[in-house]
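Trainee: Listed here are the chains, written in short residue letters.
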Amino acid sequence: MAWNWQVFCRETTSGETVVGCFGRGGDETYLNWIVTAWGWTLFVALCALVVALVSGLIIGTIRTLPNSPWLVRLGNAWVELFRNIPLLVQIFLWYFVIPGIFPAMKGVPSVVLVIMALGLFTSARVAEQVRAGIQSLPRGQRYAGMALGLTTGQTYRFVLLPMALRIVIPPLTSESMNIVKNSSVAFAVSIAELTFFARQSGEETSAPVEMYLAATVLYAISAFAINRVMGVIEKRTRVPGFVAAGGMGGH
Amino acid sequence: MLGSLDLSFFSWDLLAPFVIKGFIFSIWLTVVATVGGIVFGTILALMRLSGVKLLEIPSAAYVNTMRSIPLVMVLLWFFLLIPFAIGRPIGAEMSAVITFIAFEAAYFSEIVRAGIQSIPRGQVNAGYALGMTYGQNMKLIILPQAFRNMLPVFLTQTIILFQDTSLVYAIGAYDMLKGFETAGKNLGRPIEAYLLAAVLYFFMCLALSKVVRAVQNRVQIIR
Numbered sequence: 000m001a002w003n004w005q006v007f008c009r010e011t012t013s014g015e016t017v018v019g020c021f022g023r024g025g026d027e028t029y030l031n032w033i034v035t036a037w038g039w040t041l042f043v044a045l046c047a048l049v050v051a052l053v054s055g056l057i058i059g060t061i062r063t064l065p066n067s068p069w070l071v072r073l074g075n076a077w078v079e080l081f082r083n084i085p086l087l088v089q090i091f092l093w094y095f096v097i098p099g100i101f102p103a104m105k106g107v108p109s110v111v112l113v114i115m116a117l118g119l120f121t122s123a124r125v126a127e128q129v130r131a132g133i134q135s136l137p138r139g140q141r142y143a144g145m146a147l148g149l150t151t152g153q154t155y156r157f158v159l160l161p162m163a164l165r166i167v168i169p170p171l172t173s174e175s176m177n178i179v180k181n182s183s184v185a186f187a188v189s190i191a192e193l194t195f196f197a198r199q200s201g202e203e204t205s206a207p208v209e210m211y212l213a214a215t216v217l218y219a220i221s222a223f224a225i226n227r228v229m230g231v232i233e234k235r236t237r238v239p240g241f242v243a244a245g246g247m248g249g250h
Numbered sequence: 000m001l002g003s004l005d006l007s008f009f010s011w012d013l014l015a016p017f018v019i020k021g022f023i024f025s026i027w028l029t030v031v032a033t034v035g036g037i038v039f040g041t042i043l044a045l046m047r048l049s050g051v052k053l054l055e056i057p058s059a060a061y062v063n064t065m066r067s068i069p070l071v072m073v074l075l076w077f078f079l080l081i082p083f084a085i086g087r088p089i090g091a092e093m094s095a096v097i098t099f100i101a102f103e104a105a106y107f108s109e110i111v112r113a114g115i116q117s118i119p120r121g122q123v124n125a126g127y128a129l130g131m132t133y134g135q136n137m138k139l140i141i142l143p144q145a146f147r148n149m150l151p152v153f154l155t156q157t158i159i160l161f162q163d164t165s166l167v168y169a170i171g172a173y174d175m176l177k178g179f180e181t182a183g184k185n186l187g188r189p190i191e192a193y194l195l196a197a198v199l200y201f202f203m204c205l206a207l208s209k210v211v212r213a214v215q216n217r218v219q220i221i222r
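For the record, the sequence lines run as chains A and B.
In terms of numbering that gives the first Met the number 0, the first sequence has 249 at position 250, counting the first letter as 1, and numbering is strictly consecutive.
In terms of numbering that gives the first Met the number 0, the second sequence has 157 at position 158, counting the first letter as 1, and numbering is strictly consecutive.
Because the hints were derived from the structure by calculation, they are not lab data.
Check each hint, because a few of them may be wrong.
Label pairs and their calculated CB-CB ranges [unchecked claim]: (1) B/Ile42 - A/Phe42: 16 to 22 angstroms; (2) B/Pro57 - A/Val49: 36 to 42 angstroms; (3) B/Pro57 - A/Ser189: 34 to 40 angstroms; (4) A/Asn66 - B/Ile42: 40 to 46 angstroms; (5) B/Gly50 - A/Ser189: 45 to 51 angstroms; (6) A/Arg235 - B/Gly134: 43 to 49 angstroms; (7) B/Ser49 - A/Val71: 43 to 49 angstroms; (8) A/Val49 - B/Leu186: 45 to 51 angstroms; (9) A/Pro161 - B/Val214: 52 to 58 angstroms; (10) A/Pro137 - B/Ile159: 28 to 34 angstroms.
Quick look at which bits of chain B chain A covers, simulated, 3 or more residues with Cβ under 8 angstroms [stated by the list, open to error]: (11) 66-76; (12) 166-174; (13) 211-219.
Going by beta-carbon spacing under 8 angstroms, a handful of chain B positions derived as facing chain A [what the hints assert, rightly or not]: (14) Phe153; (15) Leu186; (16) Pro189.
Glycine included, every Cβ here is placed at the ideal spot set by N, Cα and C.
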């Protein structure tokens, strides 16, 4: 099979090859398009990551609260709800069903709906890990907080969460990488991200292998970049004397 | 607010012709991909743990490649490449089956690898001390225990797999979600159809995760 990388220099409308590969004056080439698509992938993934981390952190913490059985139940219900419906179906729920039921949501841009879908879908997984992280702490840490006269809120803020959050960074790294991969499902509601680009341009240019290959490589690069960033964060936040996640050496 | 929803429109008689075919395909795909994924995943894991570089490197490369690409892209790749390789088109459903087996094998292989590595080293040595060959050791000592330890994780992965089957949407295969979508379009109630699909997926996965929890407790008691 002969490679045809020149295909990226073609204009998307006329199909003519452009010198310099980047289109000028309003017309864009496939190279322009894939760069924009990569931008959408990263935008959707990073925004969803923020939604997932914030809501996952809150829900995960709620699920470990002592003496608040109803909040715990609410947290558990949240996790079951968002974990047991396929992502694609959740995207359809946000995109078709919610604006259908609440007319006020009709004006919301579809990318926001996709970010909510992907973010809340992932929040269930994050919540599960945050809960596990907090519960894996030695019981003594909570008691120590209480013995010092801290309120529950203070115990969480100053004792439990700073420890637990560092422990859960490795599983959160894989979730963050997953979110880049999962953002590919946004193609289903016509967000112009990498998968959407690959499908469309593959058909238009009759060079799907080149298009898929470029999109695939960009996915891999994006996930790897997130992996490295999380690696740096993990290193920076490591607790001295506490070896690694899972190896609970705290005495 | 909720006035626009009309679920009474749906009756089983109206839905069944659209949904049953897709439902059966989703379940079938899940079962075939789980079985195929475990078989090929075990082979990949054994290759990777064999200590033979010639087997180790391709297996590791395969697993890492599969795990770094979104499933939707893998579906598109196989949908494009399988007809090339075989020389004739095989349809979206068949190509979805092949893709899922190939894709899930990578994930199952990591589970199997972790499971095998969780068996204490002493047991392996005990097997060798009894004069067992590598194959006998694997078959009689390591794999039976490893699989029992892995059972809950296998089931969890199967739930994820079942959810992922909805992604065959990307290549236009007719699965459960597609069935609901078609029903919604034909009956003029797309919103309710998606809602029903979500409810059905939810209860099926919830039931499965309850099974996982029960199995987990069982396995824990045995050990």
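Trainee: Run every hint past the structure and note whether it holds.
Mentor: These are the hints, each one checked on the structure:
| no. | hint | in the structure |
| --- | --- | --- |
| 1 | B/Ile42 - A/Phe42: 16 to 22 angstroms | violated, 40 angstroms |
| 2 | B/Pro57 - A/Val49: 36 to 42 angstroms | holds, 38 angstroms |
| 3 | B/Pro57 - A/Ser189: 34 to 40 angstroms | holds, 38 angstroms |
| 4 | A/Asn66 - B/Ile42: 40 to 46 angstroms | violated, 51 angstroms |
| 5 | B/Gly50 - A/Ser189: 45 to 51 angstroms | holds, 49 angstroms |
| 6 | A/Arg235 - B/Gly134: 43 to 49 angstroms | holds, 47 angstroms |
| 7 | B/Ser49 - A/Val71: 43 to 49 angstroms | holds, 46 angstroms |
| 8 | A/Val49 - B/Leu186: 45 to 51 angstroms | violated, 39 angstroms |
| 9 | A/Pro161 - B/Val214: 52 to 58 angstroms | violated, 35 angstroms |
| 10 | A/Pro137 - B/Ile159: 28 to 34 angstroms | holds, 31 angstroms |
| 11 | 66-76 | holds (count 8) |
| 12 | 166-174 | holds (count 3) |
| 13 | 211-219 | violated (count 0) |
| 14 | Phe153 | violated, 17 angstroms |
| 15 | Leu186 | violated, 15 angstroms |
| 16 | Pro189 | holds, 6 angstroms |
Hints 1, 4, 8, 9, 13, 14 and 15 from the earlier list are contradicted by this structure; the remaining hints agree with it.
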